[in-house]
Amino acid sequence: VSLDLIKIDKKKGGSTEDSTLIRGIVLDKEVVHPGMPKRVEKAKVAILDAALEVEKPEISAKISITSPDQIKSFLDEEAMYLKEMVDKLASIGANVVICQKGIDDVAQHFLAKRGILAVRRVKRSDIEKLEKALGARIISSVKDASPEDLGYAELVEERRIGNDKMVFIEGAKNPKAVNILLRGSNDMALDEAERSINDALHSLRNILMEPMIVPGGGAIELELAMRLREYARSVGGKEQLAIEAYADALEEIPMILAETAGLEPIASLMELRARHAKGLTNCGVDAIGGKIVDDMLALNVVEPVRVKRQVFKSATEAATAVLKIDDLIAASQLKGGEKGAGGSAGSEEGAGGMPGGMGGMPGM
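The sequence shown begins at 2 in the working numbering and counts up one residue at a time.
Please note that the accuracy of each hint is not assured.
[Stated by the list, open to error] FRET-style restraints, in silico, Cβ to Cβ:
| hint | residue 1 | residue 2 | range |
| --- | --- | --- | --- |
| 1 | L300 | A320 | 26 to 36 Å |
| 2 | L209 | S126 | 17 to 27 Å |
| 3 | D200 | G291 | 20 to 30 Å |
| 4 | D19 | L156 | 13 to 23 Å |
It is worth saying that the hints were derived from the structure and are not from the lab.
All of these numbers come straight from a predicted model, not from anything done at the bench.
Don't be surprised by glycine CBs; every beta carbon is placed ideally from N, CA and C.
Model the full assembly from the supplied sequences, consistent with the hints where possible.
In structure tokens, the structure reads:
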């Protein structure tokens, strides 16, 4: 599942409720010629990554013109070349042309006469999304274009959004790329909407990649903590202390949620432990309602397993890295202390006298 195939555009104006999903692509461009149609239904779209212009020679050249008739002939030849390109596009059935590069003024004139809507200088990323959305093929050479290269859209229309004009290409039959147009009263609202959409899309992608969920609200952390403590009792030794410390860390999540919801964190933790001990494994904190509930799944408060696993993995790796650094610092300090003790001790008696003196303190 590639989120790169979902294009997100932001336009100031309106409210966030005016945001829409377009089964196609929106181009932040306008129709290139005033004589062209602004609306085309049942559009057959030609997507070009070649310019509708007279190609410039790769090497510099000079043309010797001795009369006005020669200038006219030269310009007529250029116009004929551009007309042939437009005629070719019209002959394969294209009534919309989306061009990554430029469109000559003369070509625009011929396109307008043919009733073809055209947009130029479209970003490469948008061209590639259009190809997938419309089921088209990008045309690199107009003379080799065929009807099979065209994409289909129910509607192509230029619309005014806020102070700008945009071209909507929508109604694709089976789009492999889509567009979300976000609206908002200011930049802050638009940025917040974009963050929310991105979070939702990533969550959806994770669910599709691994369709498994766990209850939220701290329920999974509390249940894992209880099971880790049960396991720790069977281990013993220093490992038991480490496992119990990990369980304590997991319980911080429901405690923080409870405090955020206005509950007393310690009392909430005790209540959660008691309910989980009774087998209510989905019991967690309802942060919105400000209470402990028996089943977070019933409230649709869930988290993807893929995300939760990564959270635990990343947190564990971070804690392990910190502990390793702490061990290195402690070892370094111990080494320095040994050197200092060896240098200051004048005799074996002086070096060994302190422990004996310290040992006498409890008897005081």
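Hints, one by one, checked against the model:
L300 and A320 have their C-beta atoms about 31 Å apart, which keeps the hinted 26 to 36 Å range intact. Our hint of 17 to 27 Å for L209 and S126 holds, since their Cβ atoms are close to 23 Å apart. Roughly 23 Å separates the CB atoms of D200 and G291, a value that falls within the hinted 20 to 30 Å. Remark: the range hint 13 to 23 Å for D19 to L156 is upheld by a beta-carbon distance near 19 Å.
In summary, the structure agrees with every hint in the numbered list given earlier.
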